[in-house]
Amino acid sequence: MAGPLTTTRDMDTLPKLLKHHAQVRPNHPAMREKDYGIWQTWSWSQVHDEIMAFAAGLSALGFERGDTLAIVGDNRPQLYWAMAAAQTLGGTPIPVYQDSVAKEMAFVLQHAEVKFAVVENQEQVDKLSEIMPDCPALKTLIYKDPRGLRDYTMDFLHSYEKVQDTGRAFMKEKPGFLDAEIAKGKGSDLGVMLYTSGTTGQPKGVMLSFDNILITARNNAVMEGLGPDEDVLAYLPMAWVGDNIFSMGQAYVCGFTVNCAESSETVLTDMRELGPTYFFAPPRIYENILTTVMIRMEDAASWKRKMFSYFMDVAKRVGTRILDGKPVSGMDRLKYAIGNMMVYAPLKNVLGFSRIRLAYTAGEAIGPEIFSFYRSLGMNIKQIYGSTEASVFICVQPNGEVYADTVGKPAPDVEIRLADNGEVQFKSPGVFQAYFKEPQKTADEKTADGWVHTGDAGIFDDNGHLKIIDRAKDVGHLNNGAMFPPKYVENKLKFFPYVKEAVAFGDKRDAVTVFINIDIEAVGNWAERKGLAYSGFQDLAARPEVYDLLLDCVNTVNDDLAVHPMLSSCQIHRFLILHKELDADDGELTRTRKVRRRFIAERYADQIEALYDGRDSVYVSTEVTFEDGRKGTVSADLRIRDAKVHKVDEPLRKAS
Amino acid sequence: MSVVADLTDINQASVAAHARSIGDVVLSVQNISLSFGGVRALTNISFEVREHEILAIIGPNGAGKSSMLNVINGFYHPQEGKIIHKGVERKSMRPHEAARRGIARTFQNIALFKGMSALDNIMTGRNTMMKSNILAQALYFGPARKEEMEHRKFCEHIIDFLEIEAVRKTPVGRLPYGMQKRVELGRALAAQPDILLLDEPMAGMNVEEKEDMCRFILDVNNEFGTTMVLIEHDMGVVMDISDRVVVLDYGRKLADGTPDAVRANQEVIDAYLGVGH
Chain Y
18 MAGPLTTTRD MDTLPKLLKH HAQVRPNHPA MREKDYGIWQ TWSWSQVHDE IMAFAAGLSA
78 LGFERGDTLA IVGDNRPQLY WAMAAAQTLG GTPIPVYQDS VAKEMAFVLQ HAEVKFAVVE
138 NQEQVDKLSE IMPDCPALKT LIYKDPRGLR DYTMDFLHSY EKVQDTGRAF MKEKPGFLDA
198 EIAKGKGSDL GVMLYTSGTT GQPKGVMLSF DNILITARNN AVMEGLGPDE DVLAYLPMAW
258 VGDNIFSMGQ AYVCGFTVNC AESSETVLTD MRELGPTYFF APPRIYENIL TTVMIRMEDA
318 ASWKRKMFSY FMDVAKRVGT RILDGKPVSG MDRLKYAIGN MMVYAPLKNV LGFSRIRLAY
378 TAGEAIGPEI FSFYRSLGMN IKQIYGSTEA SVFICVQPNG EVYADTVGKP APDVEIRLAD
438 NGEVQFKSPG VFQAYFKEPQ KTADEKTADG WVHTGDAGIF DDNGHLKIID RAKDVGHLNN
498 GAMFPPKYVE NKLKFFPYVK EAVAFGDKRD AVTVFINIDI EAVGNWAERK GLAYSGFQDL
558 AARPEVYDLL LDCVNTVNDD LAVHPMLSSC QIHRFLILHK ELDADDGELT RTRKVRRRFI
618 AERYADQIEA LYDGRDSVYV STEVTFEDGR KGTVSADLRI RDAKVHKVDE PLRKAS
Chain L
6 MSVVADLTDI NQASVAAHAR SIGDVVLSVQ NISLSFGGVR ALTNISFEVR EHEILAIIGP
66 NGAGKSSMLN VINGFYHPQE GKIIHKGVER KSMRPHEAAR RGIARTFQNI ALFKGMSALD
126 NIMTGRNTMM KSNILAQALY FGPARKEEME HRKFCEHIID FLEIEAVRKT PVGRLPYGMQ
186 KRVELGRALA AQPDILLLDE PMAGMNVEEK EDMCRFILDV NNEFGTTMVL IEHDMGVVMD
246 ISDRVVVLDY GRKLADGTPD AVRANQEVID AYLGVGH
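Residue numbers (my numbering), protein chains in the order written: chain Y, 18 to 673; chain L, 6 to 282.
The set of hints was computed from the structure by calculation and includes no laboratory data. There could be a bad hint or two in this list.
[To be verified] From the derived model, a few chain Y residues whose C-beta atoms are all more than 10 Å from chain L:
# : residue
1 : Y53
2 : M224
3 : S280
4 : T286
5 : A376
6 : R434
[Unchecked claim] To spell it out: a stretch of chain L is covered by chain Y in this simulated footprint if at least three of its residues, at any positions, have a beta carbon under 8 Å from a beta carbon of chain Y; those stretches are:
# : region
7 : 47-61
8 : 90-100
9 : 168-177
Glycine included, each C-beta is placed from N, C-alpha and C at the ideal position.
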């Protein structure tokens with residue numbers, strides 16, 4: 018689809034692309050939302066009108082070029098339009114994580130000196146009203162869903178529709194105003210500001226220009242052959258850079274349709290109804306789906322189980338080869354075709370994956386079995402590697418070269434080099450402008466010669482693919498000198514469906530130990546089948562039978578590590594199962610579910626000591642934060658178990 | 006301990022606003038006595054229900070609370086006494102006639118159609134408002150189709166209001182208890198009643214679910230002005246959300262007044278509430 022993509026090359030801002038699509042494909046669906054249980058559609062010309070009306074209304078409320086507009090809520094068309102409206106007026110949208118607690122949100126709004134905010138519903142109105150005293154610049158709050166707000170009479174509160182009505186009147190008085198504003202925009206203007214969730218310290222505001230977003234979006238769209246007929250499901254947080262690229266950047270570059278999920282609980286149903294063609298999900302979602310499928314298969318009739326098992330074996334043998342275009346025997350092709358009719362196609366249909374031409378995953382390592390499960394069904398799932406500071410794409414796996422343990426080759430126009438300490442550095446048109454109001458941190462992030470630190474340690478393999486080992490500063494060393502990449506060990510554990518999260522310790526220690534979070538779905542299901550009664554997460558996590566189950570997993574990991582050339586000393590010696598899930602609301606994980614090592618090391622210092630001083634159990638009492646911000650404590654006695662460790666000779670020290 | 010946590014200024018304004026709007030007596034129960042053979046379920050009960058208010062009926066188990074609701078609903082016919090609804094004295098009435106007159110209810114032990122989806126169950130609540138004849142509905146054309154769409158739209162409003170979109174197509178028998186109660190509330194709401202009778206709407210729920218249910222009840226009362234009569238055992242809930250409370254014990258009325266007045270009433274304390282230790 019090079020045609021439509023190249024003709025828009027000189028449209029260097031989102032609003033200009035909006036005008037283009039409204040002209041060239043006015044009736045093509047641009048956005049959908051499920052309302053009243055039915056999918057409602059807006060065409061490009063309708064979306065254009067909605068955005069213009071809102072932009073004019075914002076202007077009438079006093080929004081000026083250079084102002085920032087905070088966006089808080091789930092994926093709703095009106096919120097996406099508000100972002101484009103701010104960009105039309107030369108302002109900058111700042112989408113914020115809607116599940117942030119008030120303190121986190123206050124920080125972002127204060128730091129960015131936000132004057133205007135568009136929020137989804139009463140919950141967000143309440144949250145922002147609460148923090149308004151801390152954000153003196155915030156003067157105007159616009160809400161989309163009026164439910165529950167009937168009696169709210171504050172004069173800083175406006176409804177989205179009223180703002181649009183005002184806007185339409187404004188446009189009648191000043192007809193050329195918006196077009197003039199759009200014409201003032203250029204590619205180097207600030208397009209969006211995204212605050213990173215930060216594994217360490219306070220969030221930083223990443224400033225991305227239109228060029229950053231659109232050039233990266235276009236490069237990837239050309240590489241993957243995306244066009245205006247794609248259907249994308251918008252369900253991931255709007256504050257995350259990926260959603261910005263997929264649901265805004267690429268949507269505006271290609272002209273395809275963005276479908277907003279009805280709510281976070283209905284995502285799977287929505288996927289099934291929609292059948293998106295282009296899809297992104299972090300590995301844990303693919304994993305959850307697979308676990309659900311397997312659990313349900315165990316309940317199926319015996320002939321169905323046999324059929325499933327036979328055809329999944331066929332798929333395992335030849336499916337990936339067929340997808341990669343490699344030679345496969347005629348007999349196998351026939352079996353695969355029958356399997357497709359009986360198992361793979363119906364399965365993909367139920368999951369909503371029937372029409373997927375391209376599925377990405379990123380953010381964490383994905384278990385090899387999970388990866389090959391989907392690929393063997395004929396779904397083109399590939400790994401990418403990126404960051405907010407890169408406008409997403411740093412590496413992408415090309416079609417036909419898709420492996421479970423790499424993140425791919427450099428994306429178009431992206432250059433990569435490895436520093437002496439193994440850190441991955443890159444240069445690309447997607448490199449962010451700066452961290453807002455943090456010149457020192459910006460300077461630290463970029464090297465002297467204009468490359469960007471990723472903070473990840475990686476190596477290139479023989480195929481020219483990049484492999485990420487771990488965060489560079491997390492890579493530690495055991496006391497015997499052996500390299501210890503905690504994420505590597507954790508991922509090996511997390512590949513088991515029973516393990517939801519794991520935190521490994523070992524830097525400056527004699528041996529490696531881990532905390533484990535069980536996956537309540539998978540372990541709960543296992544417990545039920547064994548006839549083990551349990552009364553909730555904490556109870557299940559404390560059971561000796563569950564410890565035995567996880568001991569098996571740990572021992573298997575140790576078997577693998579024992580034969581690894583460099584990491585045989587990283588075998589896990591002891592482990593404990595945590596009494597509660599690690600949670601972003603408690604500060605233990607980031608908003609994108611990444612482990613915050615330093616925080617956990619401080620908070621659970623006693624428990625870590627217990628792992629190393631040989632105790633059998635340790636008491637823990639943690640403060641937890643409930644969804645509405647209230648606090649409570651959860652305590653338990655955690656048992657500690659020893660794992661089976663293979664003796665190995667002195668490990669090879671890390672080659673310098 | 007307040008179940009409906011920290012009312013903000015906004016909410017207090019709203020509570021005040023709707024409190025002012027409590028209207029005249031819409032239902033008057035006078036000298037109702039009900040017996041089943043030798044068992045006297047209700048003895049000489051009288052109280053009034055005003056428009057737009059939330060009235061709670063409380064009392065120990067066996068006090069006759071559900072029987073009272075059933076009398077209002079038309080399930081039971083009292084041996085003595087009368088009911089005056091909207092100024093008209095009611096003759097002995099069947100439940101469907103009560104439904105047509107704008108009284109809807111939920112049940113203590115849930116009376117949903119377990120095999121039907123949540124959406125379909127809520128649609129059945131629109132039963133009294135469906136006008137097209139059986140032939141048109143069976144063939145599903147023209148006016149029946151249009152009517153179905155209108156009803157579906159209204160039910161979707163309710164589904165959105167009760168936040169049960171994710172389970173709209175799930176057979177209700179497979180839903181957890183708390184969800185079933187919500188669906189039943191939805192079905193009662195679908196009838197657009199003037200008076201809503203809720204029989205222990207929060208039985209079996211944890212604190213979070215109770216808070217949600219309270220919020221729904223208050224929102225319904227606030228947005229639609231529906232009068233509510235609810236039977237409830239959780240004193241925190243009763244004291245927080247009701248405008249007036251009627252206390253029954255062994256079929257007799259012990260007290261009738263605002264939550265604070267009832268809470269301080271010595272007879273009520275002796276019979277039911279007890280004291281803190």
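Tested hints:
no. : hint    : in the structure
1   : Y53     : violated (4 Å)
2   : M224    : holds (36 Å)
3   : S280    : violated (6 Å)
4   : T286    : violated (7 Å)
5   : A376    : holds (23 Å)
6   : R434    : holds (47 Å)
7   : 47-61   : violated (count 0)
8   : 90-100  : violated (count 0)
9   : 168-177 : holds (count 5)
Going through the hint list in order, the structure does not satisfy hints 1, 3, 4, 7 and 8.
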